[in-house]
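Colleague: What follows is each chain in one-letter form.
There are 2 protein chains.
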Amino acid sequence: MKVVTAEIIAIGDELLYGQIVDTNSHWISQELDLIGVKVVRKTTVGDDRKDILAAFASAEARADIVLITGGLGPTLDDLTKPLMAEYFDCPVVENQAAVKAVTEFFQKRGREITPLNILQGHLPVCCTYVPNEVGTAPGMWFERNGTYWMSMPGVPHEMKKLMRDFVLPKLPNLFSLPVIVHRMIKTVGIGESWLADLIRDWENALPSTIRLAYLPSLGQVKLRLTGFGTVKSEIEKSIQQQIELVSPKIEPYIYGYDSETLEEAIGKLLNQHNKTVSLAESCTGGYISHLITSISGSSSYFQGAVVPYHNQFKNELVRVKNDTLNAFGAVSEETVTEMALGVRELFKADYGLSSSGIAGPKGGTAEKPVGTVWIACAGEDFVETKKLQLTQDRMLNIQLTGIAVLNLLRICILKK
Amino acid sequence: MKVVTAEIIAIGDELLYGQIVDTNSHWISQELDLIGVKVVRKTTVGDDRKDILAAFASAEARADIVLITGGLGPTLDDLTKPLMAEYFDCPVVENQAAVKAVTEFFQKRGREITPLNILQGHLPVCCTYVPNEVGTAPGMWFERNGTYWMSMPGVPHEMKKLMRDFVLPKLPNLFSLPVIVHRMIKTVGIGESWLADLIRDWENALPSTIRLAYLPSLGQVKLRLTGFGTVKSEIEKSIQQQIELVSPKIEPYIYGYDSETLEEAIGKLLNQHNKTVSLAESCTGGYISHLITSISGSSSYFQGAVVPYHNQFKNELVRVKNDTLNAFGAVSEETVTEMALGVRELFKADYGLSSSGIAGPKGGTAEKPVGTVWIACAGEDFVETKKLQLTQDRMLNIQLTGIAVLNLLRICILKK
Chain A
61 MKVVTAEIIA IGDELLYGQI VDTNSHWISQ ELDLIGVKVV RKTTVGDDRK DILAAFASAE
121 ARADIVLITG GLGPTLDDLT KPLMAEYFDC PVVENQAAVK AVTEFFQKRG REITPLNILQ
181 GHLPVCCTYV PNEVGTAPGM WFERNGTYWM SMPGVPHEMK KLMRDFVLPK LPNLFSLPVI
241 VHRMIKTVGI GESWLADLIR DWENALPSTI RLAYLPSLGQ VKLRLTGFGT VKSEIEKSIQ
301 QQIELVSPKI EPYIYGYDSE TLEEAIGKLL NQHNKTVSLA ESCTGGYISH LITSISGSSS
361 YFQGAVVPYH NQFKNELVRV KNDTLNAFGA VSEETVTEMA LGVRELFKAD YGLSSSGIAG
421 PKGGTAEKPV GTVWIACAGE DFVETKKLQL TQDRMLNIQL TGIAVLNLLR ICILKK
Chain B
61 MKVVTAEIIA IGDELLYGQI VDTNSHWISQ ELDLIGVKVV RKTTVGDDRK DILAAFASAE
121 ARADIVLITG GLGPTLDDLT KPLMAEYFDC PVVENQAAVK AVTEFFQKRG REITPLNILQ
181 GHLPVCCTYV PNEVGTAPGM WFERNGTYWM SMPGVPHEMK KLMRDFVLPK LPNLFSLPVI
241 VHRMIKTVGI GESWLADLIR DWENALPSTI RLAYLPSLGQ VKLRLTGFGT VKSEIEKSIQ
301 QQIELVSPKI EPYIYGYDSE TLEEAIGKLL NQHNKTVSLA ESCTGGYISH LITSISGSSS
361 YFQGAVVPYH NQFKNELVRV KNDTLNAFGA VSEETVTEMA LGVRELFKAD YGLSSSGIAG
421 PKGGTAEKPV GTVWIACAGE DFVETKKLQL TQDRMLNIQL TGIAVLNLLR ICILKK
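Protein chains in written order, with the numbering used here: chain A, 61 to 476; chain B, 61 to 476.
Hints listed in this document are in silico derivations from the structure and should not be mistaken for laboratory results.
Small disclaimer: the values here were computed from a predicted structure and weren't measured.
Treat the hints with care, since some could be wrong.
Intra- or inter-copy, both count: the list cannot distinguish identical chains.
Unchecked claim - In silico DSS-like links for lysine-lysine, alpha-carbon gap of 27 Å or less: (1) K220 / K282; (2) K328 / K408; (3) K168 / K282; (4) K446 / K168; (5) K220 / K381; (6) K446 / K220; (7) K408 / K422; (8) K292 / K282; (9) K62 / K476; (10) K98 / K309.
Using the sequences and the hints, build the whole thing.
Modeller: Here it is as structure tokens:
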């Protein structure tokens, strides 16, 4: 089977000057890898006619698919559209559907449309117009001599929607792609090398048609199993067998599989056990509540949260005793215990969660340095607490605490 | 003055398959930008002889400086060194200093050295050996026909050390570099094309030594002014003059300059006016509170927040009247008004902020479709409200509401 190749071209001076990180190319790489398309090159060029045209020409000479992001705004420094028209040698004209879409985009939002915006509906005649439902710059699809081109806006969520809705479903119809199956085992609360130690024998005995990758992210490690073959159902069966072999070895750390996030897994668990949760967040400042409520349907198990940033409100809102605050301080096992019990009561929830710590970068002491965090989970007849010793970085400390609190809740639910 | 150009080539299959994010290229871009070297292209290629040699050849045709990262490991799939030898047509031989350095590297760490590792001290004879003090793969410096090449390991801290210690200090001696100054004007609450309309005359009259770029992100647009010249203080003065010319035209939308974020600007404003803030977040579920508390020092102006996700708690915690909830619903101007007033009272804050909406993707009605959000800001003697009509995407709606609420607070503070 011929390997199907792709190139990614990111356009924009701001990418070359290092003012914006190009996260698009990385995301596109991952998505193409999942469907068996091989990315052979990524190129970033500035807003320069000659450089852009040269990148187009060399990509066409090499790749079956060329994916272009950026340079589609309404202003003069955005060159992608006129240069694609030049490269494909066809004029830019009004596209009625595209003009209608951009006009409606503004009407729906009650905003006035400018002549510049209307021009976003003018497209090279030789392209297929691909509607962009979440932005004003349309996608443009071109075909020439067996190479397929897609131009997309550089705004990540607009690009992703066009990829998901249009490009990724279309490619398997244009090319004969190999059959690849990916599965993911998602773990939390254990580091990469400990995980590797636990599953080494299993890993060494994996068949050659299945590849394993460790994908660590903040506080979590994902195990990706990739199977290759010709018959999808057979690959799926063989991967499933391996998952069943390895899962018992690391069961306490597995919170989910495949695309499931920790927040989703927590929501599913709470729903399954018909339980509700509430939070008193001090050092995390609302972040954990945000994680939980980022899941659609969370209102069935999330009662509410308070962020009592000062001792006064820890006392007034969630009934932490002033004696406790005075004797042990806000960052202490005693305080997070009373916060968790108090917020459980306040919101009449089955579980009360709490966090209090020194997020930094200032505010540390010898006894409680920056990165010291206490967390707690209160249930009907227990309180579990945990001390974390984290980093010097404020945002990292907030995020790591969030994952630790969600994992503590997971462990508490499963213990019952 | 001739513009000095650079290209960055990142080598490695793992970068193309999306398993590793290439943070090196971004960092190198920023560093080169600061010393006035113009990055004209970034290329990522896999571990493939033909692709790598093609990337070398096209880089040499375009750039004064070629910076290469990756492909320097001791294993067979690492091709950078043999291919640079091939490209520069000179043999790889033992370099005594390099072999000594790699041997000592292992000795110091009490690790045994393998024959493969010793080979890392063998280098193309036509390169200058650049010691890598923090790793085993040496840097290699080449010069040919006025183009300068540096090959560095892909491990970020090794690459950064070689850049800082060797490449960045060396470039100003090889080239006459221009002086470049960047400044940023940060706006919120206005789209790119409206902004462009407001400042068109100014933009058209910009001197040729100053370039303007529009950098849109979620709910915000940044204006970047880049000035070129020979004397730094003069460029700075000339950019400052342009900033003073354009700022009055878009004053209501400017929240800050340069690296300042919206959250930081809000914090600065509150501190300047000696005011405090509190939040009652429904549809944003703690996200805005998280934004505010992500800033170190926010405890001086942030009192606290509540997330009353259900009507019961909107009533019990922030005193929204049940009559109001029954008559107008949770997503209404009346409800967010009472929430803002109630939370201001609860936390004894100068400002009370609130949000209530249908974040989606479910829960919309004909009258209040997904994306309908009401926000409010209550002060001592006023309540400002605003209705937003956003998207179908839950996370996007939460983020856009967050920016709108922070901007509403900014406007309320400035009005006083």
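Colleague: Run through the hints listed earlier and report the numbers of any the structure violates, in increasing order.
Modeller: 5, 6, 9 and 10
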